[in-house]
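Go ahead and model the full structure; you've got the sequences and the hints to work with.
Listed below, chain by chain, are the residues.
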Amino acid sequence: MATDARILPLARPAPRGILRSLLLTLPILLWSLLMFGNPNSHADRLSHISGAITALFMTVLFFMMMRTHSTYRWRRIFFVSLGILFPIGFIHNLFVMRGSMGIPIEEMIAGRTPFCFMPIPLLILPAAFTRTLIFPGSIAGNSHGIAAMVALWLALTLVMGKGWCSYACLFGGIEEGVAAIPRRAKIRKLNPRLRYLPWAVLLAMVLLSLAIYEPAYCMWLCPFKAVTEYVAARNTIGLVQNVIFVLLFAGLVIVLPFLTKKRTQCSWFCPFGAFQSIFNKISIFEIKIDQARCKPCLLCQNACPNLSLSKESVARGETLLSCMKCGACVDICPRQAVVWHIKGTGIQAKSEPAWRRFPYIICAVSVLIGCVYIFIARGLFEASNPARALRFLLAACGVAVIFGGILIVRGLINAPNPERARLMFLYGAWAMAIMFGGSIIAQGIATILHFIV
Amino acid sequence: MKLRPILGYTAAAMTLLAALLTPFLLMGLFSNGFVALGFHVDDMYTGGPKERTIPMGAYSIDIHRPVYPHMLQTEKPFVQLDWTPVSALPQHVSDAVDIDGDGQPDVRVSFDVPKDPKAPLRVDVDSLNPRYQAMQHAGKEKYSRLIVRVDKAILVRIPLANP
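Sequence order for the protein chains is A and B. Going by the numbering used here, the first sequence opens with residue 1, and the numbers climb by one from there. Going by the numbering used here, the second sequence opens with residue 1001, and the numbers climb by one from there.
The set of hints was computed from the structure by calculation and includes no laboratory data.
Below, computed lysine-lysine pairings styled on DSS-like, alpha-carbon distance capped at 27 angstroms:
(1) B:LYS1152 with B:LYS1076
(2) B:LYS1002 with A:LYS281
(3) B:LYS1142 with B:LYS1118
(4) A:LYS311 with A:LYS281
(5) A:LYS186 with A:LYS311
(6) B:LYS1002 with A:LYS343
As structure tokens, this is what we get:
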């Protein structure tokens, strides 16, 4: 198999040319400009500067992903930045609005508690049985409302499946950053059964939330309350809750990741991560192991930050359900046996000459779609006749969809290619990361600039 | 040309398209769809729907429907009364309130209204009907037993006696 010309070489690929990398990055540049480059918005100057910095940051990272063929280390820079900057911006906002990180009971009664994605699985059973949402927030009305966050989660889950945990989670970046600090893991032997713990936590929290009609995980066990907002300690119970938050944060997010070089909170504890794993079943993108190439050295298993690979799963040529699509296993494999994959397609790589046409096809489609969005969505949609502008937008989108769809299907179907799967996943995931995580990074940068300037 | 790869790549392309449409279309669609499902936030937080209003001259008292806990919820059943607007309240409020609408006062609620909106509030409730529990110098210990200022109103939650 290794001598077949249709198969990529066993060695790591050479860096892609700068021009080709730039072309591949062009859609992301356009998207970043669309997300952060609106000169008509009424944001202040610092917000514009932080938006520009974020757009540049995200575009450069994507360029490096294209140039180096590596995903994990560049994604990690984004993700750790998100993990650090989210609490900075969020806590600053809390102090500006209410002068404390503690949520006073008045705010909960007024429905002003910002809704985080963590309680989503806990809301399902009470909502199904009694149409009641057991969260002290508001359903609609602002970007922190329950409906807005559920909509965002749904859209991102459609695109990424459990990739949420690598490209959108606001908290995982902290432990990923801590895990990156030591050169070697101090604790290497980890009991594989621990990877089932999040499912147990999920089941327990869902049932407990139904019983006590409160988001039990948020009230008692969320480690990230220590760096966001917590129930104001107005009595002994509140004090105990806050001590639990701090201890869990110190143990699962700081100490254990440092000792194991794994995302231990995600691997062993997070009920939302377990819930999100279910959506890997419907996600079209996945990681596969080409058994024809794989000599089971298990470097991938060691590199996985989420314990999503085992000897058995490698032997089956697949990851476990909890795979976060971070790309660590793909990048570390010396034989390119671990590959990005689109369900239903083959996993073998195609020959290089045919592959060269693909970036230009993607670019043509992306430029077209980018132009449609920039010149029509931003220009006409804000015109005085929104109904007519909407018709223009829909027509232009229809043309882009048909044109892009034909090109993509024609270019893709004839020859399956892991790099195509990687690119298609990354375009979607990075667009989502810019939209959600990018805006939070921009807010964090704006906060820092606010203090400096 | 096999069907499975066609479906695979088409689904991947649709996923990409969904990503592009998310901020412009899907977010709004999903968000409106969720709102249309008709869920409501638990009454333990909101205080339940407002049932009637008692005019008290410059201000009024809104009476909410009693809220009962679900299953193992640790709170007691309560009824919420809103004094609104705060700006029209005297420095000391002491009102006899007919909660159940039978023409007889059920509780007498007394509290001071400090000028500083962040100052802590304390309430005394004398029970004139055994259905409602008395409270002495209560602050904001529990959802079912509190006095807080929320926007332009002062909310008092009075626990109901066990049936």
